[in-house]
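Visitor: Just so you know, the protein sequences line up as chains F and L, in that order. Per my numbering, residue 1 is the first one in the first sequence, and the count goes up by one each step. Per my numbering, residue 1 is the first one in the second sequence, and the count goes up by one each step.
Each hint should be verified, as a subset may be incorrect.
[As the list claims (entries may be wrong)] Straight line, CA to CA, 27 Å or less: simulated DSSO-like cross-link-like pairs of lysine-lysine:
#1 245(L) to 271(L)
#2 276(L) to 287(L)
#3 146(F) to 245(L)
#4 146(F) to 28(L)
#5 276(L) to 146(F)
#6 215(L) to 110(L)
#7 98(L) to 28(L)
#8 246(L) to 271(L)
#9 146(F) to 271(L)
#10 281(L) to 245(L)
#11 215(L) to 252(L)
#12 28(L) to 287(L)
Derived from the structure by calculation, the hints contain no laboratory data.
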Amino acid sequence: MAEPETQAPAPAPWPVFDLNQAVLGFADEVAREPGGAHIRRCYACGACSARCPVADHLAGFDPRRLIRLILLGQRDPVLQSPLPWRCSTCYTCQETCPQGVGFTEVLFAVKNIAARAGFFPPALGLQPDILRAHGRLLEITDFENKNRADLGLPAITERPAHYQAMLARFSLKTGEEA
Amino acid sequence: MPWALYLGCTVPVRNLNYEASVRRTAEKLGLDLVDLADFGCCGFPMKSLNAEEALVIAARNLALAQAAGCDVTAACSACAASLAEADHQLAHDPALAKRVNERLAEIGLKYTGGVRIRHFARLLYEEVGLERLRAAVVRPLTGYRFAPHYGCHYLKPSEAMDHFDSPDNPRTLAELIEALGAEAAAYPGLTDCCGGGVLGVEEGLAQVMAYGKLKRLTTLNVNGLVVICPFCNVMFEGQQKTIAKKFGEDLKVPLFFYPQLLGLALGIGQKELGFKLNRIKDKDMMKALEG
Numbered sequence: 001m002a003e004p005e006t007q008a009p010a011p012a013p014w015p016v017f018d019l020n021q022a023v024l025g026f027a028d029e030v031a032r033e034p035g036g037a038h039i040r041r042c043y044a045c046g047a048c049s050a051r052c053p054v055a056d057h058l059a060g061f062d063p064r065r066l067i068r069l070i071l072l073g074q075r076d077p078v079l080q081s082p083l084p085w086r087c088s089t090c091y092t093c094q095e096t097c098p099q100g101v102g103f104t105e106v107l108f109a110v111k112n113i114a115a116r117a118g119f120f121p122p123a124l125g126l127q128p129d130i131l132r133a134h135g136r137l138l139e140i141t142d143f144e145n146k147n148r149a150d151l152g153l154p155a156i157t158e159r160p161a162h163y164q165a166m167l168a169r170f171s172l173k174t175g176e177e178a
Numbered sequence: 001m002p003w004a005l006y007l008g009c010t011v012p013v014r015n016l017n018y019e020a021s022v023r024r025t026a027e028k029l030g031l032d033l034v035d036l037a038d039f040g041c042c043g044f045p046m047k048s049l050n051a052e053e054a055l056v057i058a059a060r061n062l063a064l065a066q067a068a069g070c071d072v073t074a075a076c077s078a079c080a081a082s083l084a085e086a087d088h089q090l091a092h093d094p095a096l097a098k099r100v101n102e103r104l105a106e107i108g109l110k111y112t113g114g115v116r117i118r119h120f121a122r123l124l125y126e127e128v129g130l131e132r133l134r135a136a137v138v139r140p141l142t143g144y145r146f147a148p149h150y151g152c153h154y155l156k157p158s159e160a161m162d163h164f165d166s167p168d169n170p171r172t173l174a175e176l177i178e179a180l181g182a183e184a185a186a187y188p189g190l191t192d193c194c195g196g197g198v199l200g201v202e203e204g205l206a207q208v209m210a211y212g213k214l215k216r217l218t219t220l221n222v223n224g225l226v227v228i229c230p231f232c233n234v235m236f237e238g239q240q241k242t243i244a245k246k247f248g249e250d251l252k253v254p255l256f257f258y259p260q261l262l263g264l265a266l267g268i269g270q271k272e273l274g275f276k277l278n279r280i281k282d283k284d285m286m287k288a289l290e291g
């Protein structure tokens, strides 16, 4: 068997922390986003970090520390960090939190703000266009429907209605990689 | 009330064995599944970029179900959670529901709530029930042992799932396996995330997350891993060869979608259940369960 490659992902760069650059309203900005409401409930027990499966494998990924950075107004470092996008959305932290912070949802709030500011992984930035065009992330063509028919499965609508209209007004700033 | 089958993006393209086994077991068990032609993406892929856009898309699909007089059953855990969460949020936030319905009005739709959303496995557990499942088994899977993998969005956020099963000590999938006469393995790491959520963003991270469970499975003396989500399947079956090579392991863990096992126990043929599309098979087991 071939020699195994390096097994652990490279540590994620930690956002540079500077209190002189604090944006005092950042926690409130997060709290106003869908899912962000309970960010201030955190009393820093660290149950989220203790059970986070991403933290087990990605050095530098630490939910408790991310919450502190948000509460301390580190707006740019958090929004420009790749860390929020490394959440696997397993909801373990959210189910574990004794304070009901809802950290999985808080991270969605952070990612929404970051996306509006133009920071998001390029691959994710392509998805709205794909949905507009096909109504699904994977395109259905005659080829797929032929495969389906071979297994006795009914044909699927190639372009379900409404997706173009629903997403007509949604646009992303040109992506800066997060 | 009929159940509208929600396939989402991945299952109807990449997991035809899952879909075929859902349809054929449902038919055998007398569940009334219907197809709505305009079901599409559930909205979850949009949530990281804009949660409210994701919610509008989810609500749009619920509105279609409501107009058709159907409840919804989803094969994909991410779809099930996305739709259940949308229903839960709209039921608890009238201002949000008003905003979302203004958007839906633009496409001639309206969602007023009340559509039930069930993952297909939960539907089997709650609507068919273990007793009826046991009674319907004609070919018990006695002597076989499987590791259940619940995945995350089948159970969580538990608030949106009416807390139907425990996120920490889930039982439903193990009981569904046992109802077929097979043994369900209890093992450390039962509720570990597959990593599928980060596959598109950082492949190596997703792979190391899935590797832990695959490695443990080789020590459990099981006939395979039982999944109920296309993303868990991508990580444990689709990525298995790559992961094995990367970590220098000899991994050959067969994967099953639960309805495929159910179908075998109900006497449905392997061809009808799409087993040809399962990439890693226990040939002895499949031979023994033939005919």
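Visitor: Compare the structure with each hint and give your call.
Guide: Results of checking the hints against the structure:
1. 245(L) to 271(L): violated, 30 Å
2. 276(L) to 287(L): holds, 13 Å
3. 146(F) to 245(L): violated, 33 Å
4. 146(F) to 28(L): With a Cα-Cα distance of about 25 Å, the restraint between residue 146(F) and residue 28(L) holds, given a limit of 27 Å.
5. 276(L) to 146(F): holds, 16 Å
6. 215(L) to 110(L): violated, 48 Å
7. 98(L) to 28(L): violated, 41 Å
8. 246(L) to 271(L): Status violated; Cα separation ~33 Å.
9. 146(F) to 271(L): holds, 17 Å
10. 281(L) to 245(L): holds, 19 Å
11. 215(L) to 252(L): Given that 27 Å is the threshold and the Cα spacing comes to 10 Å, the pair holds.
12. 28(L) to 287(L): Measuring from Cα to Cα gives roughly 23 Å; hence the hint holds.
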